[in-house]
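> Quick mapping for you: the protein sequence lines, in order, are chains A and B.
Heads up, the first sequence is in the working numbering, so the first residue is 1 and it goes up one at a time.
Heads up, the second sequence is in the working numbering, so the first residue is 1001 and it goes up one at a time.
Keep in mind the hints are simulated off the structure, nothing from the lab.
We put the beta carbon where it would ideally sit given N, CA and C, even for glycine.
A hint or two may mislead.
Okay, the calculated beta carbon distance ranges per label pair [said to hold, decoys possible]:
1) A:132 with B:1652: 55 to 65 Å
2) A:132 with B:1907: 40 to 50 Å
3) B:1629 with A:156: 49 to 59 Å
4) A:156 with B:1074: 38 to 48 Å
Derived DSS-like pairs (lysine-lysine); straight-line CA-CA distance at most 25 Å [to be verified]:
5) B:1924 with B:1039
6) A:137 with A:80
7) A:80 with B:1939
8) B:1197 with A:137
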Amino acid sequence: MTCLPKTTERKLGLVIDLDTCVGCHACVISCKGWNTEHYGAPLSDMDAYGGAPEGTFLNRVHTFEVARPEAPPMVVHFPKSCLHCDDAPCVTVCPTGASYKRTEDGIVLVNETDCIGCGLCAWACPYGAREMDGAEKVMKKCTLCVDRIYNDTLSPEDREPACVRTCPSGARHFGDLSDPDSDVSRLVAARGGFDLMPEQGTAPVNKYLPPRGRDTLATPDLASLCEPAPAAAGGFLGWLDRTLEKL
Amino acid sequence: MFSQPSPELCPKVGDEIRKTTCYMCACRCGIDVHLKDGKVAYIEGNRDHPVNRGVLCAKGSAGIMQHLSPARLRAPLKRVGPRGSGEFEEISWDEALQTATDWLRPLREAAPEKLAFFTGRDQSQSFTGWWAQSFGTPNWAAHGGFCSVNMAAAGIYTMGGSFWEFGQPDWDRTKLFLLFGVAEDHDSNPIKMGLGKLKARGARVIGVNPIRSGYNAIADDWVGITPGTDGLFILALVHELLRAGKIDLRYLIRYTNAPYLVNAHDGPEKGLFLRGTDGKPLVRDRRTGQAVAWDSPDISPDLGNGVEIGGVTHLPVFRHLADRYLADDYAPENVAERCGLPAPRIRAIAAEIARVAFDEEITIDQPWTDFRGVTHEQMVGRPVAMHAMRGVSAHSNGFQTCRALHLLQILIGSIETPGGFRFKPPYPKPPEAHPRPHAGFTPGQPLDGPHLGYPLGPEHLLIDDAGRPKRIDKAFSWDAPMSAHGLMHMVISNAHAGDPYEIDTLFLYMANMAWNSSMNTSQVMEMLTDQNDDGSYRIPRIIYSDAYSSEMVAFADLILPDTTYLERHDCISLLDRPICEAEALADSIRWPVVAPDRDVRPFQSVLLDLGARLGLPGMVHEDGTAKFRDYADYITHHERRPGIGPLAGFRGAEGAGKGRGAPNPDQIDRYIENGGFWIDHIPSEAQFFKPWNAAYQDWAVARGLYDSPQPYLFNLYSEPMRKFQLAAEGHGHRQPPDHLRARLTQTMDPLPLWYPTFTDAETDPADYPLHALTQRPMAHYHSWGSQNAWLRQIHGHTPLYVAADIWAAHDFSEGDWAVLTSPHGRITLPVVRMDALNPRTVWTWNAIAKRRGAWALDPTAPEATRSSLLNHLIHELLPPKGDGLRWANSDPITGQAAWYDLRVRIEKAPAGQSVSYPAHPPQKAAVPRPPKNLAQHVKG
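So that you can see chain A by itself, here it is in the shape it has in the complex (with noise of 0.2 Å):
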């Protein structure tokens, strides 16, 4: 059993738009690049050419369908990753303390020393976010890029999570949710930003933005758009004439 800090000084975390994610997979590979070379065990795949791949993800894009009674079945790209929660269960069931909340940031993170790789947190997570190494058998899941957030080896506008810095449609905004100045909580504010399966307890940190409306459009016929419409006086021609004359 590992205890979560009370508060954390900041609350680090993404917000994803759902309107504008594409589903394409750029923040599921340049995550994969960026850990498996960073943060400690690389992510592996087992069965790499073979039969029944099986790799370690940090972050996976899934992709549903929803159907609507009086419109066309919507389809809608889900990318999820560790939502880095204020109450995180994960943290609280490992037995051994590898688990952790931090003060500063409120990054969930795994300290691998101290991973046994019982998987007891993947169990505890209702977002099935992380994932047991095949080949190290210890847990891996998002850090949000803590070992780029404050790399000063970097050149500052880089100090982002790599799903965000790669993300093409700029569907991934990163930032300090407990700040409801910075951009990513005013972004939630204006866009009705939620926290995914409220219901489980977990008090999220990442948000969601939801899909804007689809298949609204249901402008006036355009024919009453026209004043004069072309089929009167004349026909099109005779408009097209007077139409000519004032140019």
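Got chain A sorted already, so can you dock chain B onto it with the hints?
Then chain B, alone, in the frame of chain A:
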């Protein structure tokens, strides 16, 4: 008490960053390659690069796994077993190059056309074409004919430019964006970045695609159209806009041939423009009623009324256009069923286009002067932009559909205006400013000119006096008169059939023609291995260059192994397929950021070596020694015209030359210092209205894009098409064969039209009720992704996606398999339900399926066992008509492969199905077995 650990927060990413250009797809983003201990450790986007501004897609970020792929070829190979078996032995480069030289030299001396040299997704076409021209064979092209030539050619013929490398939406100003068809594979990061900009400011995105995946998933409005009917839908929008008068007449008069007078008299002049004695097209001046030269000062061109001269009536183009599209044929009610869309929805979209174009007009306070010398105080724009690529293009009515799309854009005045669609230099460039195609070959001599170009009439076809095609792919023949990119997909089939003649050596680069890049894959493999009675092969010799152990490797006699993209020089050249932006001229390089660890060589350097051994003009000095050390040397020193070379930046002795200047020996170093690219911004007054903007035209001449200003008008009406149509009607001395007359008369219409795809026209819906399509996954590029341990975990097999009604009708459940049958073949795939589809369309992912033994994958890989290519269902020919002729399954104008015309029927596979069909026997791998598990990590 718990003490919080202190993870390392500031690890060094690497020892060095080397900036080069990605090649995980054709997008050409800038990348930062982080090296640790001389090895590639991490790849991310280059923030300064004009294409991607720092972002990078899944493919680009997985470049390290492509660079380390176990499928990389290791040394030149000579075939030792039967063709197709994959049995090779490694040989030296000396032996490989000597073999190739011994095969090619006699061809050049006796019959250069017997070399067919076709390159695939080649980014050095201006170089490979130059090589082929110097060799003297007429048979060269790249992969455009089976990709998107309809889009490219329709754009050039209509408005002097097209999408992607030719132009882009004005992402920063557009308020309404319409996206037609699958577009996820080309220009991928810029489109995603653009969509992100639109979403961030709440602009509306309308997606027109039978499948709501990828970009269509985030479209605010989705139009689930029936495949092959986009042209009809677009012309219904045109009908609505005309009916409401929501068109930009001022724009049409100033910038298009809408006022040109067209001869209405039956005979050889019918449909041609009325011209003055100096050849200038004439328009009717409303003030005088007289026909005057189109560019006469102070006239008021008429769009409705014509003139009568000597008893012959001449009506303006616009009058023809209005008569056609105002007809009831194009009324929304009359196209709704065919397009699979409710008529009110079509009307609503037309109304939204009209509202945004005209009620939300935008202006930029930037004076500019047009080519007539008139100065305008502002730049006025219609903020409606559109994009399309392969989806509308890969149909047998694709060329005319692309023309229809451009017609729509032009009618609302949104091309090259703020908020609309903008050309990227060196475009705009009208068809007249492009070369004509050439096929004049003479033993021992170079070809008489560039292979590819834009014919302006039958006089430019590449046919002999008997009307027979001069090229092996029959490009620029009556089969496909405007085939501006050639027809690579017909080469193997034609060479095997000896139609129009037999060849000796098929030389392919980077084109997986024995698998996903060919229609009719199973039979193509047979064509490649088919033997004559004496045991010789029907296609006598095959040379192939690839970096990886692709399916095609097994079918070659000689393999020239290429490097990966991180081990080579390349130039993304203005002579070729540049990376310019609407507001800037730009080009870029690749350079070897690491050295190859195998006995492989960059293909372009090998080609120069081969050229020198063959003594090809331009590749040897007078004493016969090689002129270029390698491709980098060529990039630096080759001049296409005096002062114009492969790279436009840092030219001249001082490196200050932009576009023009003498070769600079330090040019590549300057590119490397600059981050791998060069960019030169267009002046503010030249940013829009480029075809007509005097400041742009002068800037383009200064940069060497043209040698004199080339202002022109858009071709709503295509006179070159009318010339082909006249020939089909019996006029002129170059006449098409009789069996093609009716088709040419119908399809070569000088105004955009829609006709059913050839397959739809000839298919009984009772037999084949469904359309079948592929979508291009954003995380893969053609066949390349499956060798990549990271990307293959995203897309590793090809489920067939089936909508609710079909699912229910066939009683499918999860885990079932379907049999998909076309008039040509049959495949079996696992099914997955997806309702966000056109209800008569099924689909799967493109090019994920692999043959057993290829790409260093285990034979049990799901790419081989739970995947199939739709290619097996698509023939390169239409079903026989009983006339003994071979009718290509292609667009009749450009020859573009009609991949998306496919019709199928679906059945539930018998219980127990567990492996996809067809299951070709494994080919022997050309590379060692891959490692079992990976934990990629570069130790510092």
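> Are residue 1924 of chain B and residue 1039 of chain B close enough, with their CA atoms no more than 25 Å apart?
Not OK: residue 1924 of chain B and residue 1039 of chain B at ~30 Å, beyond 25 Å, violated.
> Given the hinted pair residue 1197 of chain B and residue 137 of chain A, is their Cα-Cα distance within 25 Å?
violated (42 Å)
> Okay, residue 132 of chain A versus residue 1652 of chain B on CB: inside 55 to 65 Å?
holds (60 Å)
> For residue 156 of chain A and residue 1074 of chain B, compare the CB-CB distance with the range 38 to 48 Å and indicate the outcome.
Holds, at about 43 Å.
> Starting from the hint 49 to 59 Å, judge whether the C-beta atoms of residue 1629 of chain B and residue 156 of chain A obey it.
violated (42 Å)
> Should the hint that residue 132 of chain A and residue 1907 of chain B are 40 to 50 Å apart at their CB atoms be regarded as holding?
About 42 Å separates the Cβ atoms of residue 132 of chain A and residue 1907 of chain B, which means 40 to 50 Å holds.
> Between the alpha carbons of residue 137 of chain A and residue 80 of chain A, is the straight-line distance 25 Å or under?
Holds, at roughly 22 Å.
> If you draw a straight line from the CA of residue 80 of chain A to the CA of residue 1939 of chain B, is it 25 Å or shorter?
Distance of about 29 Å is beyond 25 Å: violated.
Going down the numbered hints, you'll see the structure goes against 3, 5, 7, 8, while the others check out.
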